[in-house]
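A.B. asks: Here the protein sequences come in this chain order: A and H.
Taking my numbering, the leading residue of the first sequence gets 20, the next gets one more, and so forth.
Taking my numbering, the leading residue of the second sequence gets 13, the next gets one more, and so forth.
For the record, the hints were derived by calculation from the structure and aren't laboratory data.
The beta carbon of each residue, even a glycine, is placed where N, CA and C say it ideally should be.
Just so you know, not all the hints are guaranteed correct.
Stated by the list, open to error - Take a look, some chain A residues computed to stay more than 10 angstroms from chain H by CB distance: (1) Ser233; (2) Leu524; (3) Ala634.
Stated by the list, open to error - Pairwise CB distance ranges, derived in the manner of DEER restraints: (4) H:Val83 with A:Ile637: 34 to 44 angstroms; (5) A:Ala613 with H:Thr96: 49 to 59 angstroms; (6) A:Ile615 with H:Ile89: 34 to 44 angstroms; (7) A:Asn609 with H:Met76: 26 to 36 angstroms; (8) H:Asp104 with A:Phe598: 34 to 44 angstroms.
The chain contents come next:
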Amino acid sequence: MESPVEIVQHTAGGVIGVSWLMIAFPLLGAAILLILGRKTDRWGHLLGVAMSLASFVVAVLAFFELLGLSAEQRRQAVHLYEFIPGMADMGLLIDPLSISFALLITGVGSLIHIYSIGYMSHDPDRRRFFSYLNLFVAAMLLLVLADNYLGLFIGWEGVGLASYLLIGFWQFKPSAAVAAKKAFVVNRVGDFGLLVGMFIMWSATGTFAFAELSEKAGGLSQPMVTAIGLLLLLGACGKSAQLPLQSWLLDAMEGPTPVSALIHAATMVTAGVYLVVRSGAFFFPEGSPQALAVAIVGAATLLAGAIIGCAKDDIKKGLAGSTMSQIGYMMLGAGLGPAGYAFAIGHLITHGFFKADMFLGAGSVMHGMNDEVDMRKYGALRKYMPITFVTFMVGYLAIIGFPLLSGYFTKDGIIETAVEHNQVLGWLAVIGAGITGFYMSRMIFMTFFGEKRWAEDAHPHESPTVMTVPLIILSIGSIFLGGYLILSNRLMLWLAPAVGRPEELPQFHFASTPGLATLALVAVGAAYAWMKYGRAEVPAVQPRGSFLTTFARRDLYGDALNESLFMRPGQWLTRIAVFFDNRGIDGVVNGLAAGIGGTSGRLRRIQTGFARTYALSILIGAALLTGALLLVGNI
Amino acid sequence: MTAHYLVLSGLLFAIGAMGVLIRRNAIVVFMCVELMLNACNLAFVTFARQNGNLEGQIIAFFVMVVAAAEVVVGLAIIVTIFRTRRSASVDDANLLKY
Chain A
20 MESPVEIVQH TAGGVIGVSW LMIAFPLLGA AILLILGRKT DRWGHLLGVA MSLASFVVAV
80 LAFFELLGLS AEQRRQAVHL YEFIPGMADM GLLIDPLSIS FALLITGVGS LIHIYSIGYM
140 SHDPDRRRFF SYLNLFVAAM LLLVLADNYL GLFIGWEGVG LASYLLIGFW QFKPSAAVAA
200 KKAFVVNRVG DFGLLVGMFI MWSATGTFAF AELSEKAGGL SQPMVTAIGL LLLLGACGKS
260 AQLPLQSWLL DAMEGPTPVS ALIHAATMVT AGVYLVVRSG AFFFPEGSPQ ALAVAIVGAA
320 TLLAGAIIGC AKDDIKKGLA GSTMSQIGYM MLGAGLGPAG YAFAIGHLIT HGFFKADMFL
380 GAGSVMHGMN DEVDMRKYGA LRKYMPITFV TFMVGYLAII GFPLLSGYFT KDGIIETAVE
440 HNQVLGWLAV IGAGITGFYM SRMIFMTFFG EKRWAEDAHP HESPTVMTVP LIILSIGSIF
500 LGGYLILSNR LMLWLAPAVG RPEELPQFHF ASTPGLATLA LVAVGAAYAW MKYGRAEVPA
560 VQPRGSFLTT FARRDLYGDA LNESLFMRPG QWLTRIAVFF DNRGIDGVVN GLAAGIGGTS
620 GRLRRIQTGF ARTYALSILI GAALLTGALL LVGNI
Chain H
13 MTAHYLVLSG LLFAIGAMGV LIRRNAIVVF MCVELMLNAC NLAFVTFARQ NGNLEGQIIA
73 FFVMVVAAAE VVVGLAIIVT IFRTRRSASV DDANLLKY
């Protein structure tokens, strides 16, 4: 395999030299909107969109400038300033990997900003919404552009904050407030892993910079590298909603739909995949325990997410299960080393398009259906929302891996690479693809086909242009992007300077065994969904369902597990601590005070107020004193 | 030859102390205090005589001066107490307590 090329210090000017503008624009937007507050209510959303677009323009210019450089020059480090003197410098790393992410974040981000103008038009707090979106874009860009783990961590926490604020955007709904808190707490678990991993890195190598770390990682002992790798994986699991830290993502759908599309489908949740790929030096060699752990987590999550997706009636939760599952694919790819990196990132990019497309499509449906999310109350919407239907359909075909659409190339790449490296995980991924075919078809049939099952006051209508245009652009990406990136290995060669590549370039087979098996299983899944939800009547009330259905409906009992394993023991621990504090520590302090108080209360009774009593005690005292003096004098 | 004076001084002091402890009338208590002071004076003068110097006698003078000042203040207090509570009993003036 070929290693990544050396990182060179950027010297000349050009757009790369000012690539910090990418972060600065949305950050400025967020600052203006938050500081000026209600004064910006009228034009705040326009500023938000403008800042996001400006950032996108910078990213595109930087991309072309990078494209103009030779492969050895394509990792440019831009030094910004000394962050912690003697410890860490703040700088940006502009390389094929980070710029790919930057394009996805600013590109899809801008589309979602535009969409939100329409989606949030009736919300009195639209300006606040855009300020958070801008904050998110800035933090996410810092996460992917920073040239060291410290900068990455700041961005990492920044997107966590933005995610928290946006999930709880409608904080007057208790469910949204709880979901935001849950997302924040679960993410802390992952952040703990990332932080401890960084501590170990620092103590072992004395640096946070990617450039130095990739050199020094080879010199570390294997257990040390494994420990760092596993801790980074824990961080990635938290942010990317992978098992066992997946529980927050489904609840995160309480936020407005554009948020679900941008943060909880297209960009933030893929940060874990970015972390694993960027930290390739710690997941080396392929097949090492930590790399295997990544692949196993990915495979387990892709199945879990798919199973959850099968049983959800809430369209957004169905899509959230699907997101988990697709990120599972990316993780699986990332766990396979440089052979899988390009497919993982490729799937990440195409998923960013088709999942954002479908989430925004779901938002468009909700917009027309009085914010109804229950698919059992949809049906037959294809005639009423033609553009939404067609774009959603494109996203659907892309995600199930319909031949020649985006998802087909990237997902198939992951599956084939997985089968080559690890038969078991590879075939699990094939099964996962079949389940994907089922649950996504179920969603399509329940929403757009069949009979009307609407609520009485529902008057579905197509969404305004400002919402449909982003849908159309995203669906165009969902059609062509995958083929463009994967065929003739464009993405792999483009990313090679940043993440390395296998010695032999893979050839895309249109008729490989796993590929055909995948297609067959997807067809079976889709046909089964047609039988159950297309041809047959969909009951308006959720049927009881089998044990398996309940299992999936309850998110594989993930919440119950967390509750009994962590929350209850945690509560007991706090109760014991409170008891110890109240009875133990407070008891000693209060007891001491009460003892002294009681004693002095008794002692003060000596002061009777009778002068003759005092005189007597003076006399006795004087007599004693005299006696003592006489005694001493005699000796 | 001075032993008798000292015995007398001790007796006077004991009588005075006894009076302070067992009498209730503030005037009598006060007079008993004077008696104790004078018992001390007698002892001082006796010792001065015994030792053949004047220091004891000087201190006796000081004691008399202090006693005179004390009488002024003390009597004023007793009279005021009598006026406010129609009683000169020291046991009635027991408000200054716990």
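A.B. asks: Confirm or reject each hint.
C.D. replies: Hint check results:
1. Ser233: The claim stands: A:Ser233 keeps its Cβ more than 10 angstroms from every Cβ of chain H (closest is about 80 angstroms).
2. Leu524: The claim holds: A:Leu524 sits with its nearest Cβ about 98 angstroms from chain H, beyond 10 angstroms.
3. Ala634: Incorrect as stated: the minimum Cβ-Cβ distance to chain H is 5 angstroms, not above 10 angstroms.
4. H:Val83 with A:Ile637: 34 to 44 angstroms: violated, 20 angstroms
5. A:Ala613 with H:Thr96: 49 to 59 angstroms: With a Cβ separation near 40 angstroms, A:Ala613 and H:Thr96 fall outside 49 to 59 angstroms, so the hint is violated.
6. A:Ile615 with H:Ile89: 34 to 44 angstroms: holds, 36 angstroms
7. A:Asn609 with H:Met76: 26 to 36 angstroms: Given a distance of about 57 angstroms, which is not inside 26 to 36 angstroms, the answer is violated.
8. H:Asp104 with A:Phe598: 34 to 44 angstroms: violated, 55 angstroms
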